[in-house]
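Given chain E's structure and the hints, the job is docking chain V onto it.
Protein chains: 2
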Amino acid sequence: MKVFDGIKGVSVLGSTGSIGRNTLEVIRKHPQRFKVISLAAGRNIRLLKEQIDEFRPAFVSVADKETALELKKAVSAPVEIGVGIEGATLAATYEGVDITLSAISGAAGLVPTMAAVKAGIDIALANKETLVLAGSLVMEEAAKRGVKILPVDSEHSAVFQSLSGHRSEDVKRIILTASGGPFLNSPIERLETVTREEALKHPKWNMGEKISIDSATLINKGLEVIEARWLFDVPPEKISVIIHPQSIVHSMVEYKDSSIVAQMSCPDMKGPIAYALAYPERIESGTPPLNLFNLKLDFIEPDFKRFPCLGLAFDALKSGGTTPTVLNAADEVAVGMFLKKRLHFTGIYKIIAEVMSKYSPREITSIEDVLEADRWARETALSLINESSPGLKA
Amino acid sequence: MKVFDGIKGVSVLGSTGSIGRNTLEVIRKHPQRFKVISLAAGRNIRLLKEQIDEFRPAFVSVADKETALELKKAVSAPVEIGVGIEGATLAATYEGVDITLSAISGAAGLVPTMAAVKAGIDIALANKETLVLAGSLVMEEAAKRGVKILPVDSEHSAVFQSLSGHRSEDVKRIILTASGGPFLNSPIERLETVTREEALKHPKWNMGEKISIDSATLINKGLEVIEARWLFDVPPEKISVIIHPQSIVHSMVEYKDSSIVAQMSCPDMKGPIAYALAYPERIESGTPPLNLFNLKLDFIEPDFKRFPCLGLAFDALKSGGTTPTVLNAADEVAVGMFLKKRLHFTGIYKIIAEVMSKYSPREITSIEDVLEADRWARETALSLINESSPGLKA
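For the record, the sequence lines run as chains E and V. The first sequence begins at -5 in the working numbering and counts up one residue at a time. The second sequence begins at -5 in the working numbering and counts up one residue at a time.
None of these hints come from the bench; they were simulated from the model. Certain hints may be false.
No copy is singled out in the list; a pair is fine if it fits within one copy or between any two copies.
List of simulated lysine-lysine pairs, BS3-like, C-alpha gap at most 27 Å [to be verified]:
no., residue 1, residue 2
1, 29, 250
2, 198, 290
3, 195, 335
4, 29, 142
5, 2, 166
6, 250, 23
7, 23, 166
8, 43, 344
So here's chain E without its partners, still in its complex pose (with noise of 0.2 Å):
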């Protein structure tokens, strides 16, 4: 329902993190536009406190009791405090809130973003795991309430600003272009041993820890494509993934006369993110415009031995059913294990690859079958590295 007339009031989950300080950062801009009702974080308490005294929504998340408690004492301004999912959940759908800008990194986006789409609340989606788990669900839900999905990654913005006006019938494929991280061009044999910090140095895109890893491993991109598999209705055969280092051109999609329509902009996520808050509109977005002189526009045929990663995304958009929560699932554990130094560059795909030769795929018929697949997927991932022989481990 809303509260503000004239004026989209706007949850932001995950408004410590890297998407999260950029939508504020949009927001900023417009407050005849926005209102910031709801923000939903982890433990950045500083930066949370900053952006209640800023904005003054009327009730923000934190990741748990303890980090409630802290803030409670560090805020002045009157504020409700949640907890958890159920408080991720309840900010996601609180009252006066016209659009969900859903950017928790991982698996744990996916409730409180589905609450958000059956409370009829339109989703600007940064959380991509939301479709990667649940997308035929999610899409079915909101279709059904008539709740628009607005992508905020960069490539599936660019996919839906070249989808526009054209006929989906006429579509030949999808082209998510990917930077190609860090390791591009690095020595295959010197994957093994590239340490957390050359891994989390991405070339193009200041982002969060996790998504950097992805990125280094082209899991990311894979994850991408199951996600345009279910935001755009395409067949995963229609989706192709091609490599550009400059990360200007965020995607193209190829029509069947062979004219191909692409997105460009400079590498800022705040260009999707004001697009995706106040479509069909264009706002002011603070992205710099591109300079067009002198660019130079690469384009590369990924190799999947490089990033087999990739391979497994498609994989497992081809298995179907919970396989994609698995493949994610296992990414997530090894990932973070990675980060810890527990695990080699290369033990990502091995922990994952293996994970998923275990598994059974079930088709998904409630929230309930992803989150148990999502489990079994994380304890399998986790006693395969605790067990596994030491050229896994970092």
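Just chain V now, with coordinates in the frame of chain E:
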């Protein structure tokens, strides 16, 4: 009026030219979709006869009586034959025509195209002079009658595809790409002495003689700027030109959130032709798919010293009224003289600039105003060339 149920009746004006031949190639691929009702050509009887034998139009028109008599002897199929502008106009508006592809070269395309608009027939527009000369009149008439003006120029087709589905009030600027022609990198002092053959050798597009020279001076891009101003109803200051030697990105639209939407394909006219003919559907065009791998895309600021005709076109657009007509007419005369080796390449600019400097712009209230300005500019250009100093003559 439609005579073939479910099939679009097509009139092809300029059927033996480059665009005309490409159009018939597209139509050949889709006999269940298109039927050629009429053709208009010049003096290429051999090719026109072949086209009549294959496509069996009800009516054709040629340049003059002599050609008509010759054609009558050559063809056995029953076909009505007309001549001159009246013949082309009859072709454009013949019974059963649903869409007229207007690809007669130069100012001669205006009258038949306008007649088709007045008859309520959709236009696939390759003849840019129609809008350069009488943009306000033609677009007004088209709006009044619900006639679609669908661009066939690759640049305008690209803009059309990049605007589709987006709000026109969000457009920051239209960016027309130009290959830069054969003299993009020649020393400027060499331009005075370039030969007819050098100027005709376009690096990317295989086109007619007039448009090839216009691409070498870049006045073609200037005419396209004027065309875009009317076609998309954007003020001149929102249209830019950028050199893109590979001719892969056919044009772009920049929006106010710094997002750029672009259209790409192999340089091949069948794509835009098919899009215009079948709009809003896309059909197999015969344009080969673009191979994105190892593509190099460069964008360079245009040098108005090297290409002063481009500046003249912007001046003409700003001056308004009948000035673009004068620019175009002087260019047609000057290019004709260059092709006859009676004018230096750099003389083309000098003649147009001098004709324009002698002209006092007038408002356009009817096609008559346009035709009068056209006549005046042709006479003035001719006499300037005939009386000119030896420096201008080749």
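The hints, checked one at a time:
1. 29 <-> 250: Answer is between; shortest inter-copy Cα gap is 22 Å, intra-copy 42 Å.
2. 198 <-> 290: both (14 Å within a copy, 19 Å between copies)
3. 195 <-> 335: within (16 Å within a copy, 61 Å between copies)
4. 29 <-> 142: within (19 Å within a copy, 42 Å between copies)
5. 2 <-> 166: between (36 Å within a copy, 25 Å between copies)
6. 250 <-> 23: between (40 Å within a copy, 14 Å between copies)
7. 23 <-> 166: This pair counts as between: shortest inter-copy Cα distance 19 Å, intra-copy 38 Å.
8. 43 <-> 344: Answer is neither; intra-copy 41 Å and inter-copy 68 Å both fail.
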